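Going down the list, the sequences are from chains A and B.
Counting from 11, one number per residue, gives the positions in the first sequence under the working numbering.
Counting from 296, one number per residue, gives the positions in the second sequence under the working numbering.
Quick caveat, the hints were computed from the structure, so don't treat them as lab data.
All of these numbers come straight from a predicted model, not from anything done at the bench.
Treat the hints with caution; some may be incorrect.
If you want the footprint, here are the derived chain B segments under chain A, 3+ residues with CB under 8 Å [stated by the list, open to error]:
# : segment
1 : 530-541
2 : 599-611
3 : 805-816
Facing chain A, from chain B, some residues (calculated, C-beta under 10 Å) [as the list claims (entries may be wrong)]:
# : residue
4 : L330
5 : H411
6 : F430
Ideal placement from N, C-alpha and C gives every residue a C-beta, glycine not left out.
Chain residues, written in single-letter form:
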Amino acid sequence: MRNFFLLLFLLIPGIAGAHHGYAAFDTTAEVTLKGTVTDFHFTNPHCVIEIDVKDDKGEVRNWKAELTSANHLAPKGWTEASVQPGDELAITGYRAKNGSPSLWVNKIRMANGEELKVDTSN
Amino acid sequence: MVRSALSLFCCLVSCTAAFAQPGASEAGIPVTDPLVIAKCGACHTVDQQGNMQRISWERTTPEGWQEALKRMILSDGVTLAPPEARSIVKYLSASHGLAPEEAKPIMYDAERRIHHETNIPNDHVDHACARCHNFAHALAWRRSPDEWKQLADMHASRLKLSPDAEAIAFLSKAAPLHTPEWDAWSARARTTNIAGRWLVTASLLGHGKYFGEMQVDAAGDDEFNTTVHLTSVNDGSTIVRSGRSVVYGSYAWRGRSKGNPSGDPAANDVASDAREALWISPDQSTAEGRWFWGQYQEFGFDVKLRRPSSDPTLVTLDRSSLKTGSEANRIRLMGDRFPGQVAPTDLDFGSGVKVRRVVSSTSSEIVAELDVAADATLGKRDVAFRHSVLPGAMAIYDRVDYIKIAPDSAMAAFGDQAHGRGYQQFEAVAYQRGPDGKLHTPDDVELGPVDPSSVTWSLEVFYSSPGKSTDFVGKISPSGFFTPASDNPKANFDVWAVATLPREKERPLVGKAYMVVTVPIYTLNGRQYIRDLDRWIDNGPAQ
Numbered sequence: 011m012r013n014f015f016l017l018l019f020l021l022i023p024g025i026a027g028a029h030h031g032y033a034a035f036d037t038t039a040e041v042t043l044k045g046t047v048t049d050f051h052f053t054n055p056h057c058v059i060e061i062d063v064k065d066d067k068g069e070v071r072n073w074k075a076e077l078t079s080a081n082h083l084a085p086k087g088w089t090e091a092s093v094q095p096g097d098e099l100a101i102t103g104y105r106a107k108n109g110s111p112s113l114w115v116n117k118i119r120m121a122n123g124e125e126l127k128v129d130t131s132n
Numbered sequence: 296m297v298r299s300a301l302s303l304f305c306c307l308v309s310c311t312a313a314f315a316q317p318g319a320s321e322a323g324i325p326v327t328d329p330l331v332i333a334k335c336g337a338c339h340t341v342d343q344q345g346n347m348q349r350i351s352w353e354r355t356t357p358e359g360w361q362e363a364l365k366r367m368i369l370s371d372g373v374t375l376a377p378p379e380a381r382s383i384v385k386y387l388s389a390s391h392g393l394a395p396e397e398a399k400p401i402m403y404d405a406e407r408r409i410h411h412e413t414n415i416p417n418d419h420v421d422h423a424c425a426r427c428h429n430f431a432h433a434l435a436w437r438r439s440p441d442e443w444k445q446l447a448d449m450h451a452s453r454l455k456l457s458p459d460a461e462a463i464a465f466l467s468k469a470a471p472l473h474t475p476e477w478d479a480w481s482a483r484a485r486t487t488n489i490a491g492r493w494l495v496t497a498s499l500l501g502h503g504k505y506f507g508e509m510q511v512d513a514a515g516d517d518e519f520n521t522t523v524h525l526t527s528v529n530d531g532s533t534i535v536r537s538g539r540s541v542v543y544g545s546y547a548w549r550g551r552s553k554g555n556p557s558g559d560p561a562a563n564d565v566a567s568d569a570r571e572a573l574w575i576s577p578d579q580s581t582a583e584g585r586w587f588w589g590q591y592q593e594f595g596f597d598v599k600l601r602r603p604s605s606d607p608t609l610v611t612l613d614r615s616s617l618k619t620g621s622e623a624n625r626i627r628l629m630g631d632r633f634p635g636q637v638a639p640t641d642l643d644f645g646s647g648v649k650v651r652r653v654v655s656s657t658s659s660e661i662v663a664e665l666d667v668a669a670d671a672t673l674g675k676r677d678v679a680f681r682h683s684v685l686p687g688a689m690a691i692y693d694r695v696d697y698i699k700i701a702p703d704s705a706m707a708a709f710g711d712q713a714h715g716r717g718y719q720q721f722e723a724v725a726y727q728r729g730p731d732g733k734l735h736t737p738d739d740v741e742l743g744p745v746d747p748s749s750v751t752w753s754l755e756v757f758y759s760s761p762g763k764s765t766d767f768v769g770k771i772s773p774s775g776f777f778t779p780a781s782d783n784p785k786a787n788f789d790v791w792a793v794a795t796l797p798r799e800k801e802r803p804l805v806g807k808a809y810m811v812v813t814v815p816i817y818t819l820n821g822r823q824y825i826r827d828l829d830r831w832i833d834n835g836p837a838q
């Protein structure tokens, strides 16, 4: 019986199932960060933008802004060069519940006003 | 009783499906093998053209036919002796297989590599196929439109997944039964003739390059015995591996090999028993693929084979890049049949790179000293020994702009009593940003692995406070080898594997790989899931 199920390859979603979901983020309120990109990781299971953001006191903090996977963003035209260090971005999304400088990305606006198309699925 | 009833039901479903296929809308591929007809003909009836229902409208890889056969045995009550099963897989892989050109883009599936599948065309296909299988699993099959629809219907009846018309339409067009590649291969395929001597190059993350040779001896019926001798370019250590392989359809090499016992109990021991999956070129002059092992097949040699020539042949170099303005760079060139006397003019590294002198030479290795002009053209260039050329083997650079980690997306796993741990070897690779001045664009120049002794490795757990210990997840060694913690914390963790390369008077270069460290098994809603490569497999009701 166990083999029967094994061979049916009845699988749950692949790599997405192996890591965190939205649970780490406060989805009840959006925040917007404006800052300068320090790095971009076009990776699975999530792409991550690292961005320096100045707070109210003028202190710079490096945030991690998470998107869906590279597999999902690639068909939408994303590449590992889509975001470059030095780019000025406004990123809107959900903050991490534990207060760490992490964000789930819902929207990205470039300095020229252009919006990068993101897939908000996890 | 329940099992018998289930088998009978499944057999009826399967037979009904087989009888239901008209198959008339497209010419099938006749089945001529008496054993297939005898064992499969009860359900898959044969028409006047020799077509067997369903089977004649499908083509796939050896793994695809093996999986289909297992399903027939386990759920549809087919009885086969192991030699019969092997014979059927061999026959169908040749007569109803893929052309080499069709198989090559999806070799990563047989090679058990975690692969970025950026070719999934739309959400329909993603949801219909790639949410559960990797996409290569779907593209490993070629079917008539009727067959793709029947597959969707099977998913609907057995797995409660609604058929998606757009996904069926895409697959019917992207993976049809009849293709020019298959027609050409059907005419071109010839007897497998891989016996003899092969030159081998290989690389293993964290260990660097290897070179050597393999002796292949025929063992009958497209089966072969193999012995390979490899030497590490980095440290000169040697490996001897022996194995046995089967070649399906004249090009699909599948085998097993093992090294001489090294007494090294480490999971990444290069003498470990390994599976082999290689793609042999249609002219049977080269082959490439992976020898892999580990709980999650996370260790593996990337391997290339080529037939030796009667002329001197350049096989590999010990360095991948040289800096402009550098002098007396010592470089080793490995090869086959180098002559007794080698002159600097025998070597060509392109304009701006001068062979100052040949330090030494043997029939398999040349050591030379090179000067690189300050204004030498940047980028990759070919390296030649007389008429033997290694395309793009050497990069000339003026500065390292960034480092990337290989692999940049990775998975490891905690162990338990039934499952070994899943490890991960990382490597830092240097890049120059190329003529466009932008990072991570196609014109960037890969400069090769960074000297491990100059890199510092660390871990960062997502959402964790800086400075907090990461030992509960695992440890990464000075050589970039990640070992999960021995205690299974019963949770998954997203982790950065971070490589830091110090530079004089500049900020250090930092590269990061995204690693997910998972549990080996978990239970959700009363069902048990087991990790397999980068997927979770439903293992049935939790015990």
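Earlier hints that do not hold, by number
1, 2 and 4
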